[in-house]
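Residue numbers (my numbering), protein chains in the order written: chain A, 1 to 140; chain B, 1 to 140; chain C, 1 to 140; chain D, 1 to 140.
Source of the hints: derived by calculation from the structure; they are not laboratory data. Heads up, a few of these hints could be off.
As the list claims (entries may be wrong) - Straight line, CA to CA, 25 Å or less: simulated BS3-like cross-link-like pairs of lysine-lysine: (1) K22(B) x K41(B); (2) K35(B) x K106(B); (3) K106(C) x K109(A); (4) K109(C) x K106(B); (5) K125(D) x K35(A); (6) K125(D) x K109(B); (7) K41(C) x K35(D).
On a predicted model such as this, the values are computed, not experimentally measured, just so you know.
4 protein chains.
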Amino acid sequence: MITSGKIYDRIFNSFQKQNFLKLIGAELEHVEKGKVIVSCKRQDSLTQQQGLLHGGVVTSLADVSCGYSALTTMPDDREVLTVEFKINLIRPAVTNKLIATGQVIKAGKTLVSAESTVTDESGEKIIAKMLATMIISPIK
Amino acid sequence: MITSGKIYDRIFNSFQKQNFLKLIGAELEHVEKGKVIVSCKRQDSLTQQQGLLHGGVVTSLADVSCGYSALTTMPDDREVLTVEFKINLIRPAVTNKLIATGQVIKAGKTLVSAESTVTDESGEKIIAKMLATMIISPIK
Amino acid sequence: MITSGKIYDRIFNSFQKQNFLKLIGAELEHVEKGKVIVSCKRQDSLTQQQGLLHGGVVTSLADVSCGYSALTTMPDDREVLTVEFKINLIRPAVTNKLIATGQVIKAGKTLVSAESTVTDESGEKIIAKMLATMIISPIK
Amino acid sequence: MITSGKIYDRIFNSFQKQNFLKLIGAELEHVEKGKVIVSCKRQDSLTQQQGLLHGGVVTSLADVSCGYSALTTMPDDREVLTVEFKINLIRPAVTNKLIATGQVIKAGKTLVSAESTVTDESGEKIIAKMLATMIISPIK
Chain A
1 MITSGKIYDR
11 IFNSFQKQNF
21 LKLIGAELEH
31 VEKGKVIVSC
41 KRQDSLTQQQ
51 GLLHGGVVTS
61 LADVSCGYSA
71 LTTMPDDREV
81 LTVEFKINLI
91 RPAVTNKLIA
101 TGQVIKAGKT
111 LVSAESTVTD
121 ESGEKIIAKM
131 LATMIISPIK
Chain B
1 MITSGKIYDR
11 IFNSFQKQNF
21 LKLIGAELEH
31 VEKGKVIVSC
41 KRQDSLTQQQ
51 GLLHGGVVTS
61 LADVSCGYSA
71 LTTMPDDREV
81 LTVEFKINLI
91 RPAVTNKLIA
101 TGQVIKAGKT
111 LVSAESTVTD
121 ESGEKIIAKM
131 LATMIISPIK
Chain C
1 MITSGKIYDR
11 IFNSFQKQNF
21 LKLIGAELEH
31 VEKGKVIVSC
41 KRQDSLTQQQ
51 GLLHGGVVTS
61 LADVSCGYSA
71 LTTMPDDREV
81 LTVEFKINLI
91 RPAVTNKLIA
101 TGQVIKAGKT
111 LVSAESTVTD
121 ESGEKIIAKM
131 LATMIISPIK
Chain D
1 MITSGKIYDR
11 IFNSFQKQNF
21 LKLIGAELEH
31 VEKGKVIVSC
41 KRQDSLTQQQ
51 GLLHGGVVTS
61 LADVSCGYSA
71 LTTMPDDREV
81 LTVEFKINLI
91 RPAVTNKLIA
101 TGQVIKAGKT
111 LVSAESTVTD
121 ESGEKIIAKM
131 LATMIISPIK
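Please model the complete structure; the sequences and the hints are all you need to start from.
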């Protein structure tokens with residue numbers, strides 16, 4: 001796990017400004033160029049009608065891991081925005097902790113393609129797969 | 001707005017059991033066969049690093065509107081699960097209230113295709129578009 | 001059906017240069033700003049193992065209708081490229097003619113969101129739905 | 001490359017019945033449980049307006065690789081149908097041969113999640129990435 005250094009600090013600073021990530025208890029686990037891991041512990045406040053972790057939580061975490069993996073490939077004066085993504089919710093989110101690993105497929109001048117795999121706490125059961133497009137934008 | 005009746009009650013009962021929807025302040029606005037509208041007011045706890053409503057909130061709301069529009073087409077002893085969806089985040093979520101309108105495209109025996117349009121509070125600016133697949137499952 | 005005029009000619013000129021569209025027998029049916037309709041007749045050469053029109057044909061047609069609807073919103077010195085799309089193949093393609101209607105959802109400075117509905121020859125049965133992202137690029 | 005055996009024959013027999021695959025010159029390169037590779041040589045008849053291989057060809061090939069990788073996990077009296085997919089067209093298809101490698105992510109009782117990576121002839125440049133859902137259906 002890489003949890004320090006210049007590239008980590010950049011992502012961590014942005015991460016901390018996201019109130020919604022605080023609300024769901026998301027944590028930054030690992031940052032390297034082209035790859036970011038985030039996690040989220042099970043809480044009763046994050047469940048759907050059957051008591052499982054809500055698909056919206058799984059999706060938010062996957063999106064964040066794709067977005068920040070993309071941001072690691074961009075110049076310092078740039079910001080990342082999600083253009084679109086698609087997610088397959090492959091297994092019920094029965095786990096004490098979701099782990100989303102985002103990775104860049106291709107970093108272009110304007111767009112970045114990225115994917116994320118969300119697993120249970122063991123890292124072995126795939127709960128969801130995302131394929132996403134991010135856009136590089138100036139910091140406002 | 002249709003906010004009562006047997007079909008409304010079915011959706012409302014399920015909606016109320018979703019802790020995550022309570023957490024983000026989602027509300028059920030309208031239920032008819034094949035169409036469900038849900039909304040969510042802007043709160044500081046739901047924002048990303050630029051102070052806009054988080055894409056994860058927009059997506060969760062769209063997913064819920066697709067899922068419940070699908071559920072209105074299913075027999076009473078059935079439950080709905082999201083198989084997958086794709087969302088285009090078309091405009092920044094600058095609004096005091098998100099409104100997601102989910103509609104069934106085709107209700108099959110096993111799968112239901114649905115789409116959702118998320119707008120700002122005026123109902124005129126499209127913030128996101130979702131295309132989704134839901135599966136019919138027995139209530140456990 | 002609009003099948004003449006400056007905007008029609010622009011799309012028709014590009015359409016004619018696509019050998020693959022000739023191979024599958026695609027035809028340009030209608031062009032207006034933000035909306036393009038293309039069609040394709042059933043031929044034995046376009047079928048899958050069960051004798052139905054191949055999903056690849058349905059998808060190609062939908063992609064073309066999205067791309068050209070996007071191109072109608074761009075300056076004359078620009079070209080359109082598909083970034084990504086998602087398609088739901090909702091019903092078996094049992095028809096003598098596929099009709100794909102592409103429409104722009106939002107035309108931005110860099111990206112255009114578009115969607116397409118593919119129907120049978122009657123225009124009533126939805127065979128597929130696409131949600132797509134196009135990018136504006138200089139003509140090379 | 002695995003190009004013989006019972007599992008290869010099953011896929012090959014179905015592959016041969018697809019007229020559309022003959023039309024675009026698709027070839028079956030490799031079959032193992034959960035993984036199928038297909039390819040397609042560049043021909044002028046498969047190009048778009050800039051002379052590149054058409055996105056519809058890239059997509060058809062990716063879809064076929066996902067579908068057949070899913071079929072390898074299903075009982076012999078079952079057939080595979082594509083429910084939906086999403087594809088990112090990451091680089092222009094500048095190559096003499098497209099290679100699509102489809103792999104199963106999860107084989108369920110009703111649905112199979114699969115993904116495909118399409119590369120150029122060197123196998124190194126990623127041209128496209130697909131994430132797909134297949135359904136198991138009885139042979140009619």
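task: Hints the structure violates: just list their numbers, smallest first.
output: 4, 6, 7
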